[in-house]
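Peer 1: All chains, full assembly: derive it from the sequences and hints.
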Amino acid sequence: MAPGKLSSLILFLIVVIALLYQMNRAKGGKLPKLRRIAGLDAMEEGIGRATELGRPVFFTPGRAEINTAGAAQTFAALEILSYVGELTAKYNVELRTAIAAANVLPLAEEIVKQSYLKMGHPDKYKPEFVQFLSTDQFAYAAGSLNIMNREKVATAVMMGEFQAESMLLAEGAAQVGAISIAGTSRTFQIPFFIAACDYTLIGEELFAGGAYLSKNPDKLGTVAGQDIGKVLASLLILAGSLLATANVKVLVDLLKK
Amino acid sequence: MRRELPMLVAGLSGLIVLLGFFFENLLPWAFNWSKELTAWGTIVSAFAMGLAAANLILIHGKRLTFKNPNWYNSAALLLSMALMVYAGIFAGQKSYLWKLLFDNLMAPLGNAMFSLLIFFIASASFRAFRARNVEATILLIAGVLVLLGRAPVGEMISSYFPVGADWLMNVPNVAGNRAILIGAAVGTVATGLRLLLGIDRSYLGGE
Numbered sequence: 139m140a141p142g143k144l145s146s147l148i149l150f151l152i153v154v155i156a157l158l159y160q161m162n163r164a165k166g167g168k169l170p171k172l173r174r175i176a177g178l179d180a181m182e183e184g185i186g187r188a189t190e191l192g193r194p195v196f197f198t199p200g201r202a203e204i205n206t207a208g209a210a211q212t213f214a215a216l217e218i219l220s221y222v223g224e225l226t227a228k229y230n231v232e233l234r235t236a237i238a239a240a241n242v243l244p245l246a247e248e249i250v251k252q253s254y255l256k257m258g259h260p261d262k263y264k265p266e267f268v269q270f271l272s273t274d275q276f277a278y279a280a281g282s283l284n285i286m287n288r289e290k291v292a293t294a295v296m297m298g299e300f301q302a303e304s305m306l307l308a309e310g311a312a313q314v315g316a317i318s319i320a321g322t323s324r325t326f327q328i329p330f331f332i333a334a335c336d337y338t339l340i341g342e343e344l345f346a347g348g349a350y351l352s353k354n355p356d357k358l359g360t361v362a363g364q365d366i367g368k369v370l371a372s373l374l375i376l377a378g379s380l381l382a383t384a385n386v387k388v389l390v391d392l393l394k395k
Numbered sequence: 015m016r017r018e019l020p021m022l023v024a025g026l027s028g029l030i031v032l033l034g035f036f037f038e039n040l041l042p043w044a045f046n047w048s049k050e051l052t053a054w055g056t057i058v059s060a061f062a063m064g065l066a067a068a069n070l071i072l073i074h075g076k077r078l079t080f081k082n083p084n085w086y087n088s089a090a091l092l093l094s095m096a097l098m099v100y101a102g103i104f105a106g107q108k109s110y111l112w113k114l115l116f117d118n119l120m121a122p123l124g125n126a127m128f129s130l131l132i133f134f135i136a137s138a139s140f141r142a143f144r145a146r147n148v149e150a151t152i153l154l155i156a157g158v159l160v161l162l163g164r165a166p167v168g169e170m171i172s173s174y175f176p177v178g179a180d181w182l183m184n185v186p187n188v189a190g191n192r193a194i195l196i197g198a199a200v201g202t203v204a205t206g207l208r209l210l211l212g213i214d215r216s217y218l219g220g221e
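First to last, the sequence lines map onto chains W and C.
Numbering of the first sequence is given in this note's numbering, commencing with residue 139 and proceeding in unit increments.
Numbering of the second sequence is given in this note's numbering, commencing with residue 15 and proceeding in unit increments.
Simulated from the structure, these hints should not be mistaken for lab results.
Distance windows between CB atoms, simulated:
1. C:Ala67 with W:Lys387: 52 to 60 Å
2. W:Pro260 with C:Ala156: 45 to 53 Å
3. C:Leu114 with W:Leu374: 53 to 61 Å
4. C:Tyr110 with W:Leu158: 55 to 63 Å
5. W:Glu190 with C:Leu114: 42 to 50 Å
Virtual Cβ for every residue (Gly too), placed ideally from N, Cα, C.
Peer 2: Structure below.
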């Protein structure tokens, strides 16, 4: 086994066992209590505002393809798209989903279609609700800004993996007076979203979004399981710091295995 | 079956890739299969480009046909797309046409969009740095300190500014970043597990 993989495997298995345990507990009725996440609570308010103003809702699941390292963020964003789609169907609001990754397009189309079907309004679904813009970073940003400006969107939801275009999208939404809700786990882009958006989901909050909004016991269980993983990481950091201060390298050597 | 089969394929593919990653030498078949599956992923993604092109043609073709407001933008998009496809496939990437379109049009347009960032950052900073509450005030103070610490004028005023800026960037900033990274890493494992076990079926249009 390559160096570092044994310790990775052990830690991975501990986290997986913790997730499965918490899922089982949640299934048994012991639902974990989630703290309020303002960005997710604001979603319904934002779509309600779009209904009152008679303007569309803008959504984008970021630029990561589903076969790249950023795929988890894209899937987390798609879970949130499902909820946004249900709300736009419920309130009869136009939805504009801007796609930058070609392999995310069929998934986003299916999710929005199913959301309209679930809410009993399959007839209200339009192909324009999900638009592919471009795989090119700035062509996608320009296309998104164009949608925001031309259609004067009332709410902009930007979830997933972003790069330099994050600020263009967030500020573009602010300039048309839209409520902006963003979420990413890319640490370089979080400050941009915090500076420019009304609400920002930071890191893990994006991954908890699907569970928080759907209230699905299995998904809620995984959120509680994540806490065990974080406690484990914190304990390792603490122990590592103390041992390194005492010049004991046992933990470092173990993690290298 | 419409849902079960894709879920089974996704679950099995994920499991094989995981086994291939951790047990490269112990289970060489899993490693080889995982490489194969990754290549398939790239091929399937290439097919998705066709779907994306169809989506563009469908939406903008409709706008053009029904002469929607700004229909000429859709016409420009479809024309540019056709021209780029012709230049890339038929004329070749060493042709004059490709060079003209890519180097002299696409690249400068991309750079122009990128350069807009500075104005967007300035306007966002103006809003974010207003000291309207405790958090915004802390952000304002930290921002000003880092700005003065990084700019030569800060060092001229006091040699403490670069030291303070370095401390802010290397201690609280790194601590916060690492906390976010750890949370995101565990969140990624949880999302992966939900997909592999078929709990998250959002990619199939379900919950």
